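From first to last, the protein sequence lines are chains A and B. 330 is the number that the numbering used here gives to position 330 of the first sequence; each next residue is one higher, with no gaps. 9 is the number that the numbering used here gives to position 9 of the second sequence; each next residue is one higher, with no gaps.
No wet-lab data here; the hints were simulated from the structure. Being a predicted model, the structure only gives us computed values, none of them experimental. Where is the CB? At the ideal position from N, CA and C, for every residue including glycine. Don't take every hint at face value.
Pairwise CB distance ranges (calculated) [to be verified]:
#1 24(B) to 43(A): 36 to 44 Å
#2 77(A) to 110(B): 41 to 49 Å
#3 43(A) to 104(B): 26 to 34 Å
Calculated pairs, DSS-like style, for lysine-lysine (alpha carbon to alpha carbon, straight line, at most 30 Å) [what the hints assert, rightly or not]:
#4 23(B) to 197(A)
#5 36(A) to 25(B)
#6 271(A) to 23(B)
#7 238(A) to 75(B)
#8 238(A) to 70(A)
#9 271(A) to 117(B)
#10 117(B) to 146(A)
#11 238(A) to 88(B)
#12 115(B) to 146(A)
#13 25(B) to 146(A)
#14 88(B) to 271(A)
#15 242(A) to 25(B)
#16 242(A) to 115(B)
#17 61(A) to 117(B)
#18 197(A) to 75(B)
#19 146(A) to 23(B)
#20 23(B) to 36(A)
#21 197(A) to 117(B)
#22 271(A) to 5(B)
#23 238(A) to 5(B)
#24 11(A) to 50(A)
#25 115(B) to 238(A)
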Amino acid sequence: MSQIQGKQSIKFNESPHIIEGASIVGSKEGEGPLGKLFDFVSEDPLFGGKTWEDAESLMQKQTASLVMKKAGINKMDIRYIFAGDLLGQLIATSFGIVDLEIPLFGLYGACSTMGEALSLGAMTIAGDYADYVMAMASSHLGGAEKTFRFPLEYGNQRPLSATWTVTGCGAVILGKQGGFARIPAITTGKIVDYGLKDSLNMGACMAPAAAEVIYQHFMDFGVDGRAYDKIITGDLGKIGQKILIDLLKEKGFDISSQHMDCGIEIFDSEKQDTHAGGSGCGCSATTLCSHIFKQLKKKAWNKILFIPTGALLSTVSYNEGQSVPGIAHCVVIESC
Amino acid sequence: MEYLKAFLIGGAICAVVQIFMDKTKLMPGRIMVGLVCIGVILGALGIYQPFIDYSGAGASVPLLGFGNTLWKGVKEALDTDGLLGLFKGGFTSSAVGISGALVFGYLASLIFEPKMKS
Numbered sequence: 001m002s003q004i005q006g007k008q009s010i011k012f013n014e015s016p017h018i019i020e021g022a023s024i025v026g027s028k029e030g031e032g033p034l035g036k037l038f039d040f041v042s043e044d045p046l047f048g049g050k051t052w053e054d055a056e057s058l059m060q061k062q063t064a065s066l067v068m069k070k071a072g073i074n075k076m077d078i079r080y081i082f083a084g085d086l087l088g089q090l091i092a093t094s095f096g097i098v099d100l101e102i103p104l105f106g107l108y109g110a111c112s113t114m115g116e117a118l119s120l121g122a123m124t125i126a127g128d129y130a131d132y133v134m135a136m137a138s139s140h141l142g143g144a145e146k147t148f149r150f151p152l153e154y155g156n157q158r159p160l161s162a163t164w165t166v167t168g169c170g171a172v173i174l175g176k177q178g179g180f181a182r183i184p185a186i187t188t189g190k191i192v193d194y195g196l197k198d199s200l201n202m203g204a205c206m207a208p209a210a211a212e213v214i215y216q217h218f219m220d221f222g223v224d225g226r227a228y229d230k231i232i233t234g235d236l237g238k239i240g241q242k243i244l245i246d247l248l249k250e251k252g253f254d255i256s257s258q259h260m261d262c263g264i265e266i267f268d269s270e271k272q273d274t275h276a277g278g279s280g281c282g283c284s285a286t287t288l289c290s291h292i293f294k295q296l297k298k299k300a301w302n303k304i305l306f307i308p309t310g311a312l313l314s315t316v317s318y319n320e321g322q323s324v325p326g327i328a329h330c331v332v333i334e335s336c
Numbered sequence: 001m002e003y004l005k006a007f008l009i010g011g012a013i014c015a016v017v018q019i020f021m022d023k024t025k026l027m028p029g030r031i032m033v034g035l036v037c038i039g040v041i042l043g044a045l046g047i048y049q050p051f052i053d054y055s056g057a058g059a060s061v062p063l064l065g066f067g068n069t070l071w072k073g074v075k076e077a078l079d080t081d082g083l084l085g086l087f088k089g090g091f092t093s094s095a096v097g098i099s100g101a102l103v104f105g106y107l108a109s110l111i112f113e114p115k116m117k118s
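Model the full structure from these sequences, guided by the hints.
Now the structure itself:
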């Protein structure tokens, strides 16, 4: 039976399974509301390395090892890794997973990378191209600030509307059976650009992309928000959340009772002075592999829609006066 | 007394700039360039030197003072060397400030390690 569904979705004939997930974060994330749910909190922001970029690679390596250990699966059984990060030319991933000696599909989706990795990983399993794959995404505050804003050594002040890039890595192993959850469907997002140029208000830039992919998902499957216990975006923050809910209301869908955002959940903005909330590939990846998986494992939630959101700008595009295009990917996850 | 004046006036300039940083979307780089340009204009208008005479380091240390220094250097060089002074004067007068920043910045990078923001 064809697995193509609607305009942008796939409904898998045999749902790939989530065998296990692992999350490793930095100390600030460890001090946040989800602190106790992460597998490991590193007090050393350098993770034993010499630079922030090195640290992110080491963090990826540690997370990959941890998820394989938790799942009881050897690296030789994993056919492909789908992974990405925020750094230029994906150097955190390239140097991070080299020792695993697993064929790599390196991905750039900005903060939506975990959604992209899970989608492609699920397609690979469902298409019978692999028995096990790994999906992984990471970010590091030091590396991200150097890539997108200013190096930490510069000591600049961060505006109150800026988000706080999560130092963290989340990794998931997908397989044909077993585990605690499965991915029955995905909806892949298009780039959506409403012409917003405010790089300090990322939530507003990404909310249209999230709204469009969620809308298309509802249309492709003939459902609405009530089909899910939770609809969880990556890092829209409080402002982006409001815009998302309003945009969907205009199209006749009210998701206000199901919506949650990883960027809002991962930090306590009052106590931790994180301004507009968490962001980065690691934000959605670590929240998924800690809080969300825990809820699915204990069946507090049975079916969720996971929508990591990304802003596809670079410092070059921003300085050249371009707007900030957004993208988001839907991954349906249900417990089993 | 001169310490108090320097502190209050320098602090007031910094406070005004901080309000710009918090309340507008201007990037820090633009604000700094703006300060230097305002300093040049105030220097050219003859306002800034009396201001420095009154408040000492409170007026000369902030970037406004740097703009004034640039202006003074270019003006003196124009008087001495004519049009060539336009090119000679700026760097000559600001040499101490720029070299100081380079040298101390480099020394700091040798001694200190970068830390995560908390």
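Against the structure, the hints:
1. 24(B) to 43(A): 36 to 44 Å: holds, 38 Å
2. 77(A) to 110(B): 41 to 49 Å: Given about 48 Å between the Cβ atoms, the range holds.
3. 43(A) to 104(B): 26 to 34 Å: holds, 31 Å
4. 23(B) to 197(A): holds, 18 Å
5. 36(A) to 25(B): violated, 37 Å
6. 271(A) to 23(B): Holds, at roughly 22 Å.
7. 238(A) to 75(B): At roughly 53 Å apart (the allowed maximum being 30 Å), residue 75(B) and residue 238(A) break the hint.
8. 238(A) to 70(A): violated, 34 Å
9. 271(A) to 117(B): holds, 15 Å
10. 117(B) to 146(A): Distance ~12 Å between residue 117(B) and residue 146(A) Cα, so the pair holds.
11. 238(A) to 88(B): Distance ~53 Å between residue 238(A) and residue 88(B) Cα, so the pair is violated.
12. 115(B) to 146(A): holds, 13 Å
13. 25(B) to 146(A): Roughly 20 Å separates the two Cα atoms, so the pair holds.
14. 88(B) to 271(A): violated, 52 Å
15. 242(A) to 25(B): holds, 22 Å
16. 242(A) to 115(B): Answer violated: residue 242(A) to residue 115(B) is near 35 Å, above 30 Å.
17. 61(A) to 117(B): Judged against 30 Å, a Cα distance of about 23 Å means the pair holds.
18. 197(A) to 75(B): Outside the cut-off at roughly 41 Å; violated.
19. 146(A) to 23(B): holds, 24 Å
20. 23(B) to 36(A): violated, 37 Å
21. 197(A) to 117(B): Roughly 26 Å between the alpha carbons, so the hint for residue 197(A) and residue 117(B) holds.
22. 271(A) to 5(B): violated, 37 Å
23. 238(A) to 5(B): Answer violated: residue 238(A) to residue 5(B) is near 44 Å, above 30 Å.
24. 11(A) to 50(A): Outside the cut-off at roughly 45 Å; violated.
25. 115(B) to 238(A): Status holds; Cα separation ~29 Å.
Violation of the numbered hints given earlier is confined to hints 5, 7, 8, 11, 14, 16, 18, 20, 22, 23 and 24; the remaining hints are satisfied by the structure.
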